[in-house]
Amino acid sequence: MGIGKSKIDPCTLSLSLAKSHSVDTSQRHHESDSKESKVSLCDVAKHSDTTEMPAGEQEGAEGMDEVPEEEAEEEVFFKFVILHAEDDTGEALRVQDLLQNDFGIKPGIIFAEMPCGRQHLQNLDDAVNGSAWTILLLTENFLRDTWCKFQFYTSLMNSVNRQHKYNSVIPMRPLNNPLPRGRTPFALRTINALEEESRGFPTQVERIFQESVYKTQQTIWKETRKMAQRQCIA
Numbered sequence: 001m002g003i004g005k006s007k008i009d010p011c012t013l014s015l016s017l018a019k020s021h022s023v024d025t026s027q028r029h030h031e032s033d034s035k036e037s038k039v040s041l042c043d044v045a046k047h048s049d050t051t052e053m054p055a056g057e058q059e060g061a062e063g064m065d066e067v068p069e070e071e072a073e074e075e076v077f078f079k080f081v082i083l084h085a086e087d088d089t090g091e092a093l094r095v096q097d098l099l100q101n102d103f104g105i106k107p108g109i110i111f112a113e114m115p116c117g118r119q120h121l122q123n124l125d126d127a128v129n130g131s132a133w134t135i136l137l138l139t140e141n142f143l144r145d146t147w148c149k150f151q152f153y154t155s156l157m158n159s160v161n162r163q164h165k166y167n168s169v170i171p172m173r174p175l176n177n178p179l180p181r182g183r184t185p186f187a188l189r190t191i192n193a194l195e196e197e198s199r200g201f202p203t204q205v206e207r208i209f210q211e212s213v214y215k216t217q218q219t220i221w222k223e224t225r226k227m228a229q230r231q232c233i234a
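One point on numbering: in the numbering used here, the residue at position 201 of the sequence shown is 201, and numbering is uninterrupted.
Don't read these hints as lab results, they were simulated from the structure.
These figures come from a predicted structure and were not determined experimentally.
Cβ atoms here follow ideal geometry from the backbone N, Cα and C, with glycine treated the same way.
Warning: the hint list may mix true and false statements.
Mimicking DSBU-like on lysine-lysine, the simulated pairs with C-alpha atoms at most 35 Å apart in a straight line are [said to hold, decoys possible]:
id	residue 1	residue 2
1	149	222
2	106	226
3	149	226
4	106	149
5	106	222
6	215	149
7	106	215
8	215	226
What follows is a set of in silico ranges between Cβ atoms, one per label pair, in the way DEER data are often shown [unchecked claim]:
id	residue 1	residue 2	range
9	223	143	13 to 23 Å
10	144	233	26 to 36 Å
11	191	100	16 to 26 Å
12	102	181	23 to 33 Å
13	210	189	41 to 51 Å
14	210	147	23 to 33 Å
15	175	233	45 to 55 Å
16	233	189	43 to 53 Å
Start from the sequences and build out the full structure, keeping to the hints where you can.
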């Protein structure tokens, strides 16, 4: 299912600082004082930083400001996100590498790579809705982690409530420390799981991760983000 991306919309304001010139008449002094009183503290700080900065550093700073805003804010709609137990980060990275390099399913992300410093629920929402498919890494550690249980229930509900997310949750038993079928939660037993040790694994992967499905979800994701941005501006 689709981070970006995630990878949650800021609105920026900019003000310009004008220099005041001293004059002989008291009237112009009064006008100058009234103009300066309208300048914010932030603008004064900016002006001070600019005047004290060496010329070479000023040019470098200006160059950084000239980076196109579209590039700075560009986010990626991932093909898949892997939800995993904290102790399975290494296994999740291995599966990510397998799908991207051996099967060409990229870009992909694992939950441990989501931005730090944000709430887990926000990251989960961005991960699930910012990717086309959600892979649940079913290992022995998966059921020991309460957060993992919440992740798979939330993902399943999301796939039910959103039509374009139907069939986007993919349980997967990896080669290392897989969760036995008998101990798999009932809600996940109703879904055909990816079995890495199965001979039919390559065929399963090709059948599930179809480019047409990805493109459809990517288009919906972009339209949703544009709508949210317009509401923020309004």
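Hint check:
1. 149 / 222: With a Cα-Cα distance of about 29 Å, the restraint between residue 149 and residue 222 holds, given a limit of 35 Å.
2. 106 / 226: 24 Å, holds
3. 149 / 226: 32 Å, holds
4. 106 / 149: 26 Å, holds
5. 106 / 222: Within the cut-off at roughly 18 Å; holds.
6. 215 / 149: With Cα atoms ~29 Å apart, residue 215 and residue 149 stay inside 35 Å; holds.
7. 106 / 215: Holds. Residue 106 to residue 215 sits at ~13 Å (cutoff 35 Å).
8. 215 / 226: 17 Å, holds
9. 223 / 143: 13 to 23 Å: Since the Cβ atoms of residue 223 and residue 143 sit about 37 Å apart, the hinted range of 13 to 23 Å is violated.
10. 144 / 233: 26 to 36 Å: For residue 144 and residue 233 the Cβ distance comes to about 45 Å; the hint is violated.
11. 191 / 100: 16 to 26 Å: Roughly 23 Å apart at Cβ, these two residues keep to the hinted range, so it holds.
12. 102 / 181: 23 to 33 Å: 25 Å, holds
13. 210 / 189: 41 to 51 Å: 24 Å, violated
14. 210 / 147: 23 to 33 Å: 30 Å, holds
15. 175 / 233: 45 to 55 Å: 49 Å, holds
16. 233 / 189: 43 to 53 Å: The hinted range 43 to 53 Å holds for residue 233 and residue 189, with Cβ atoms some 46 Å apart.
When held up to the earlier numbered hints, the structure conflicts with 9, 10, 13 and fits the remainder.
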